[in-house]
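Since chain A is already given, all that's left is putting chains B, C and D with the ligands on it; use the hints.
Residue numbers (the numbering used here), protein chains in the order written: chain A, 1 to 404; chain B, 1 to 404; chain C, 1 to 343; chain D, 1 to 343.
Quick caveat, the hints were computed from the structure, so don't treat them as lab data. C-beta atoms are modelled at their ideal positions from N, C-alpha and C, and glycine is treated no differently. A couple of the hints might just be wrong.
Within a straight-line C-alpha distance of at most 25 Å, the following computed PhoX-like cross-link-like pairs (lysine-lysine) qualify [stated by the list, open to error]:
#1 387/A with 126/C
#2 387/B with 271/D
#3 387/B with 215/D
#4 190/A with 62/C
#5 215/C with 387/A
#6 190/B with 39/D
#7 321/C with 387/B
#8 321/C with 143/B
#9 36/D with 190/B
#10 321/B with 49/C
#11 39/C with 126/C
#12 233/D with 215/D
Not the full set, but computed from the structure, chain C residues with beta-carbon under 8 Å of chain D [as the list claims (entries may be wrong)]:
#13 104
#14 105
#15 107
#16 108
#17 112
#18 116
#19 151
#20 155
#21 258
#22 293
#23 307
#24 309
#25 314
#26 316
What follows is each chain in one-letter form.
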Amino acid sequence: MSDMSSAEQWTHPEEGDLPPATAAKPTKDQVIAGLRATSEGGADLTQLLTPEGERVPSQIFDPYVADIDFEALRGLYKDMVIVRRADREANAMQRQGQLGIWVPLLGQEAAQIGSGRALRPNDMAFPSYREHGVGYARGVSFKEMLGLFRCTSMGEWDYQAHGFHPYTIVIGNQVLNATGYAMGQKFDGKVGDDDGEATIVYFGDGATSQGDVHEGFVWAAVYDAPVVFFCQNNQWAISEPTERQSRLPLYQRARGYGFPGIRVDGNDVLGCLAVTRWALEACRHGNGPVLIEAFTYRMDAHTTTDDPTRYRLSDEVETWKLKDPIERVRVYLTRNGGADASFFEQVEAEADEFAADLREFVFTMEDPPPERIFDNVYAEPSAALDKQREEFLAYLGGFEGGVH
Amino acid sequence: MSDMSSAEQWTHPEEGDLPPATAAKPTKDQVIAGLRATSEGGADLTQLLTPEGERVPSQIFDPYVADIDFEALRGLYKDMVIVRRADREANAMQRQGQLGIWVPLLGQEAAQIGSGRALRPNDMAFPSYREHGVGYARGVSFKEMLGLFRCTSMGEWDYQAHGFHPYTIVIGNQVLNATGYAMGQKFDGKVGDDDGEATIVYFGDGATSQGDVHEGFVWAAVYDAPVVFFCQNNQWAISEPTERQSRLPLYQRARGYGFPGIRVDGNDVLGCLAVTRWALEACRHGNGPVLIEAFTYRMDAHTTTDDPTRYRLSDEVETWKLKDPIERVRVYLTRNGGADASFFEQVEAEADEFAADLREFVFTMEDPPPERIFDNVYAEPSAALDKQREEFLAYLGGFEGGVH
Amino acid sequence: MSATTQPNVDVPASSTVQNLTIGKAINLGLRAAMEKDSKVVVMGEDVGKLGGVFRITDGLQKDFGEQRVLDTPLAESGIIGTAVGLAVRGFRPVCEIQFEGFIFPGFDQINSQVAKLHARTQGRIKVPMVIRVPYGGGIGAVEHHSESPESYFAHLAGVKAVTPSNPVDAYWMIQQAIFSDDPILVFEPKKLYHMGTLKAPVDTAAEPMPLFASKVLRTGTAATLVGYGPTVKLCLEVAEAAAEEGNELEVIDLRALSPMDLDPVFESVRKTGRLIAVSEAPSEASLTSEIAARVQQECFYSLEAPVLRVTAFDTPYPPSKLEEHYLPDLDRVLDAVDRSLEW
Amino acid sequence: MSATTQPNVDVPASSTVQNLTIGKAINLGLRAAMEKDSKVVVMGEDVGKLGGVFRITDGLQKDFGEQRVLDTPLAESGIIGTAVGLAVRGFRPVCEIQFEGFIFPGFDQINSQVAKLHARTQGRIKVPMVIRVPYGGGIGAVEHHSESPESYFAHLAGVKAVTPSNPVDAYWMIQQAIFSDDPILVFEPKKLYHMGTLKAPVDTAAEPMPLFASKVLRTGTAATLVGYGPTVKLCLEVAEAAAEEGNELEVIDLRALSPMDLDPVFESVRKTGRLIAVSEAPSEASLTSEIAARVQQECFYSLEAPVLRVTAFDTPYPPSKLEEHYLPDLDRVLDAVDRSLEW
Ligand SMILES: Cc1ncc(C[n+]2csc(CCOP(=O)(O)OP(=O)(O)O)c2C)c(N)n1
Ligand SMILES: Cc1ncc(C[n+]2csc(CCOP(=O)(O)OP(=O)(O)O)c2C)c(N)n1
Ligand SMILES: [Mg+2]
Ligand SMILES: [Mg+2]
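Just chain A, with the same shape it has in the complex (with noise of 0.2 Å):
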């Protein structure tokens, strides 16, 4: 435990033991030891498969990817694929008018894909804005999480159906919804046993700083809400490194409240699998809430209105690239005869066909009709409101046959 000797002994003071309080000051490089300074997330990351495809035994988490046989890792592989072309075809369209806006995912399939495919189908998940993969993963139609950024709807899925909760912009508020949530599935009597529900949260490494994450931790620990808490670490919020956000790695928050917390790397789609489903254990058996930081990389612009050049180096991209989530799953199934040629082949016409559908029905998508402003506003009337929809109803049968 020497790399965090100094936070447990502030932590923890005994006598001989504590600091002088005249203490140099931990140099900046110190503080931040675990965060970006260490871009390989340091000797707490909890990794399966090196960015290299070596395969890593873990006593503690092998025994929850025992059923990942080649042609499951094959499934993960492809889940990836067409995660990652889904999105720069998105992104593409965006650039051609067709999309409002783009959220790229580049970067994080493995630790989207790894989590999702780690839920079961009464588990609930509840997306930020950026988790794509967990909603393919979770069955929802990438044309369905389209009206989001065609600004045509705010995404209207079966949420119940598929247990993916709608995207939550304003930042942190999915995390206190996800607790109360997870604090339902218990007062359900559904959590107990290995049959047990649990629910998802994601996040993001700026979103720590959020009062609501924090009361969401606080909550979940005082109810035990079979809660997991994945923080996609992508390094970056929009222009600001985690520094800005903390002086330790993140999954060591959970230290303070009282719950596990785990670093996953989170381009490895075996150790994302793995340790998710560890953490949904713990949450189905009553175990929960747990904390987990999936160090990753957001490979692309925060969004598409976002310009990272002004603030990082394309230095720092290129290194990520080192560690792509799907190329180091390619290499382990060629070199371990788990997929040959005609199977990367396939998955990539396959990828082709799933963006050229894409395309085509974004290409096509229609505008919600106006009076579509005043749907829904409600489940039981409201007479007020009633009034407004006819009065512009009317207003806008003024202009039939005119210019309108």
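Then chains B, C and D with the ligands, alone, in the frame of chain A:
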């Protein structure tokens, strides 16, 4: 560190060292170990003076109270007696209808005097609403502090001259305000050596759940703000015991942020003085922030409108009486020849006088004039409000000689 | 049992009629809702053993257990935000905000999730939650304990808001709000919670009136007074006093704050030609502004004087020794009535 | 240099006159304030290297350093709450809220501390801070990025609020707000930030007009239009269109949202007898309600038609493909003008 082994394992999983996710859920007792289950404050408690008046030597903290000779200790004793007496007087005056409400500090005298006396003139203290003892230590007249509770004002003392910010009632708000102030001390170049300035902010156990407190921790850590977070854990947030807010002892919350957290016996004035000085020193030198949990007890009701018999047993109060913050100093002084009976009598007399003076003052306090409603809403004129004020005065004028 | 044999007296428990304060009526309303539907959960600070600082949830935890009545950690965003999650899960959470001044840490969750989830998902997600907010002044309290923030929530599309002024409404509104599939804020006039003089017989077997309807409490022709929550009592007293001077005022209890039911107000103004709106909230960009704006439009040719407003001033709530000057009172409303009549 | 030689062309840097967009004008205003007073600090999410998502703080961190331009952790309550502390310490913090929809986590600090510290301490504590809020729609954005929450802050006593509609105001308002000893929200119409057609010469040596004053932009007699921020441009276009039909409209830019300076509006309405208030915010309990309420009172006998309002609807902001229908536009305002004229 055996008492925290499970939490430690959780927050720093290493191979072979991690509990299987299916491990039996920790019992409630385990979870709250170190909270109320250990009314002694647990092994983590820093204490220089036991409830029995025994001086406990401390290699680290003794230097911080090396100057506290008998005279100084008598001073602290007197502070506590006067503050308690004033508190009881105010409580009584509320019962007599002279105050709208009173927020008793009974039992928290050592935490407040010990920490308050640790401050230097240039330091700034941000109280919540119960820190009358700190205000007293900062030289604010009790009379000035009573305006808030008489409902004639909201606290208009010269906060800058006294280094004592106005009370804050919305739980947690002041933690961010204090952090910002401390950032300002640093930006002003007043931090970095022994002459540095520092800020201290007071809040309760319940407050630790608020998002603002978390955000204060995040900001202070990120900006190395010279702020001491002084949490008076008086075991109750109105009717809710500390386990409604946390699984772990509150001082351990600091662990997740990477700054020191320490638990001190909040009923030990010497311990509070030493630990606060230690923490302030860290801040002055630029090594802030620090979290102090003063483990104490709210001996009276939450406020005069509260009825604690509805939610806690008198047993508990009785146990805590044995840990009285004033009594242990009296015993220590007496046993070690630091004070004789005449000293104690004299302090009593002074306290009586203090209280009588306060009482007389309160009974003659005048209500503010009605137009004060409009005073100082803004620093610069608002034409709209000036008009309301004029109309109001004209309206009031209409009653002159009338029934109003 | 007839009203004549037991006027204003506690009626036997077996009866469906009970003589209740507003506070007790809400308590019984909550209890009735919890009995009816096990998905109703009450949550907030100190709502358990203590029964809330106003005792409105008194006895509920004892009878329904800690899983139905939750003493939550101390954070309002947490209360609202987890309630949203419970609602998504199928519960009907009833959140208590201890005092209106402490609703603001939860404002973001109310604005961004509570008010918008239904529209965002086009009805796939319902948020059938209630936020109970003790509000209003006149209780000699310290800062943040006497405000009237209802206008913020009227401006916020996606939530609804109601406020009772009497025990019958108190008993029914809370239940109607709980069983509505929309998120509803119930603003509870805290000054009136335990006011014995407002005790009234509540028939728990009766048919409640619609939740989003205002109500004419007294008819008159000289001018119309509209109030809500804590100012309804005041309006009635003003009408009483005006009647002694020969002016019969019409008094309307708004009841619903958002959406407001202003048709009865329009109708009344068409008859009286004069309207005074009374509220404890500051006036700027408030509910009373909205009332004035809509009445001047709907009743343009009927108004014989402009709509007048008697409200708190546009200042922070003052130290409560001054609140009698800050809040609308009999004299100030009468003064406005006079000004209206003399316009 | 005369206006005729360089009409609408970038003027040399040495000159005191520069041709600026609103966004650039705010950027230069911030720079001027920071140069003038070292206690001015800019803080917010991404305001440093990135220069803010709208580039309004572009270049400031480079020139003034990380201690004057703070990339803060991601939490709005933290931004506002620490700014309060900095203000108490003697700084003049200028907080940027990235988009108006994200001001709500900071609402509690604004309500409970920013707005109240001065009154609470009877002036012992000044809170000379500025909160910059890009607001308004029409940019095809996703949820929470197009709203108009200004009415909440008009209802909140203790803070002031202003909004520029043109580069000259943009340049001066930000500076006046920074050097005011009151906390002021500056609502910045984001749609107009970089609109080239709004570029205008800004004379940095000129005397600015008072901060809390509205301004008549066009005189007319048929009816009065009042708008603010993003709707001022619209109002001027409407007046143009109406003029073609022979109706000369008076157009007033509110500029100050709280307190409003309505005297010029009253004066105008006494002349025209008709008023249409135009805002992108929902109408219920809003600024336009307040305008209507006060005008009907002050100009009761002058009004020939009720005050009409053209606003967003009382619904959450819709998916932005629908925003053209949601927001006031030329046709809707013209329609209201017609209705007013025909009343
Ligand atoms: C409350 C709030 N404040 C600001 C924003 C604007 N914003 C959108 S994303 C973002 C950065 C989030 O960073 P992080 O949490 O690391 O997630 P990432 O985008 O990297 O996945 C910001 C500031 C927001 N959506 N909500
Ligand atoms: C935001 C907010 N919510 C609720 C309250 C009401 N309230 C006042 S004191 C209190 C309990 C505070 O407990 P703690 O933080 O432990 O401080 P203590 O009163 O014990 O000193 C509550 C809930 C408040 N003042 N502010
Ligand atoms: Mg990020
Ligand atoms: Mg406490």
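Quiz item: Does the CB of residue 314/C sit less than 8 Å away from some CB of chain D?
Solution: 5 Å, holds
Quiz item: Between residue 233/D and residue 215/D, is the straight-line Cα distance small enough, at 25 Å or below?
Solution: Distance ~13 Å between residue 233/D and residue 215/D Cα, so the pair holds.
Practice problem: May I ask you to test the interface hint for residue 104/C with respect to chain D, counting a Cβ-Cβ separation under 8 Å as satisfied? | Solution: With Cβ-Cβ at 4 Å, under 8 Å, it holds.
Practice problem: Could you grab the alpha-carbon distance between residue 321/C and residue 143/B and see if it respects the 25 Å cut-off? | Solution: Distance of about 17 Å is within 25 Å: holds.
Quiz item: Is the Cα-Cα distance between residue 387/B and residue 215/D 25 Å or less?
Solution: Cα-Cα ~20 Å, so holds.
Self-check item: Hint status (Cβ of residue 309/C to nearest Cβ of chain D, threshold 8 Å)
Solution: Holds, because the Cβ-Cβ distance from residue 309/C to chain D comes to roughly 7 Å (cut-off 8 Å).
Practice problem: For the pair supplied as a hint, residue 39/C and residue 126/C, confirm whether the alpha-carbon distance does not exceed 25 Å. | Solution: 14 Å, holds
Quiz item: Hey, does the residue 316/C contact hint survive, CB to chain D under 8 Å?
Solution: 5 Å, holds
Quiz prompt | Interface hint outcome for residue 108/C [beta carbon to chain D under 8 Å] | solution = 4 Å, holds
Quiz item: Taking the least C-beta to C-beta distance, is residue 116/C closer than 8 Å to chain D?
Solution: 5 Å, holds
Quiz item: If you take the shortest Cβ to Cβ gap from residue 107/C to chain D, is it below 8 Å?
Solution: The hint holds - residue 107/C has a Cβ within 8 Å of chain D, the shortest such distance being about 4 Å.
Self-check item: 25 Å Cα cutoff - pair residue 321/B, residue 49/C
Solution: 24 Å, holds
Comparing the model with each earlier hint shows no violations; every hint is respected.
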